[in-house]
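All chains should be built: construct the whole structure from the sequences, respecting the hints.
Numbering-wise, our numbering puts 16 at position 16 of the sequence shown, and it's gapless, one number per residue.
None of these hints come from the bench; they were simulated from the model.
Watch out, some of these pointers could steer you wrong.
Listed next, with one range per pair, are the computed distances between beta-carbon atoms [to be verified]: (1) 127 - 93: 16 to 22 Å; (2) 59 - 138: 14 to 20 Å; (3) 138 - 61: 22 to 28 Å; (4) 171 - 138: 20 to 26 Å; (5) 46 - 89: 15 to 21 Å; (6) 114 - 93: 34 to 40 Å; (7) 90 - 61: 16 to 22 Å; (8) 98 - 76: 27 to 33 Å; (9) 126 - 46: 37 to 43 Å.
Since we're looking at a predicted model, the values are computed, not measured.
Idealized CB from N, CA, C, for every residue including glycine.
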Amino acid sequence: MRTTPRKIAVTATATVLATALGGGLAQAAAPGAASEGPAPSSCRPANHTARITQDASSAGHSHYRVTLTAAPGYEPCTLAGSPVDVRFYLHGVPSHLPAGGYGPQNVPVLFGPGHPVHFDIQVPNYLPGVPADEATFTLSAPGGQIPGESSASGPLRVSEGTVLGPVMPGA
1 MRTTPRKIAV
11 TATATVLATA
21 LGGGLAQAAA
31 PGAASEGPAP
41 SSCRPANHTA
51 RITQDASSAG
61 HSHYRVTLTA
71 APGYEPCTLA
81 GSPVDVRFYL
91 HGVPSHLPAG
101 GYGPQNVPVL
111 FGPGHPVHFD
121 IQVPNYLPGV
131 PADEATFTLS
141 APGGQIPGES
151 SASGPLRVSE
161 GTVLGPVMPG
171 A
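Shown next, in the form of structure tokens:
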């Protein structure tokens with residue numbers, strides 16, 4: 001029975017050390033900390049938010065604006081072209097409607113804190129549409145796609161022939 005107090009002491013010491021080390025790791029991961037190098041990229045899905053709002057309609061199409069805003073403390077990055085791998089959902093259920101891209105795909109756009117960007121979702125309004133409340137997508141950069149899946153929320157209707165415009169500066 002003399003080993004039980006020793007095991008307890010070793011376990012307690014290990015817990016204290018792990019807690020101290022874990023706190024240090026969490027502190028080092030905070031964006032903008034003075035002791036680290038550059039902050040994480042605004043382009044990573046966890047470092048920005050996106051919102052879908054209705055935009056002005058055009059002849060034969062409904063338009064929705066997806067605005068991306070980067071959280072403070074993250075590094076600016078460069079995006080280009082239309083998002084890819086787009087999926088639309090209503091209350092978590094996928095619509096299974098494909099979406100393509102349109103417009104110039106190679107124009108670089110700065111994105112980061114204080115530099116929001118947006119892209120257009122263009123939906124033919126002469127076809128039957130289905131409601132959606134979320135879109136997921138992969139952002140594109142001049143050198144390829146940004147790893148990870150971004151998501152935007154807001155009410156919209158989508159149909160066959162839905163296309164996304166390239167990322168543009170501004171909200």
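Quick one: which hint numbers does this structure break? Sort them smallest to largest.
2
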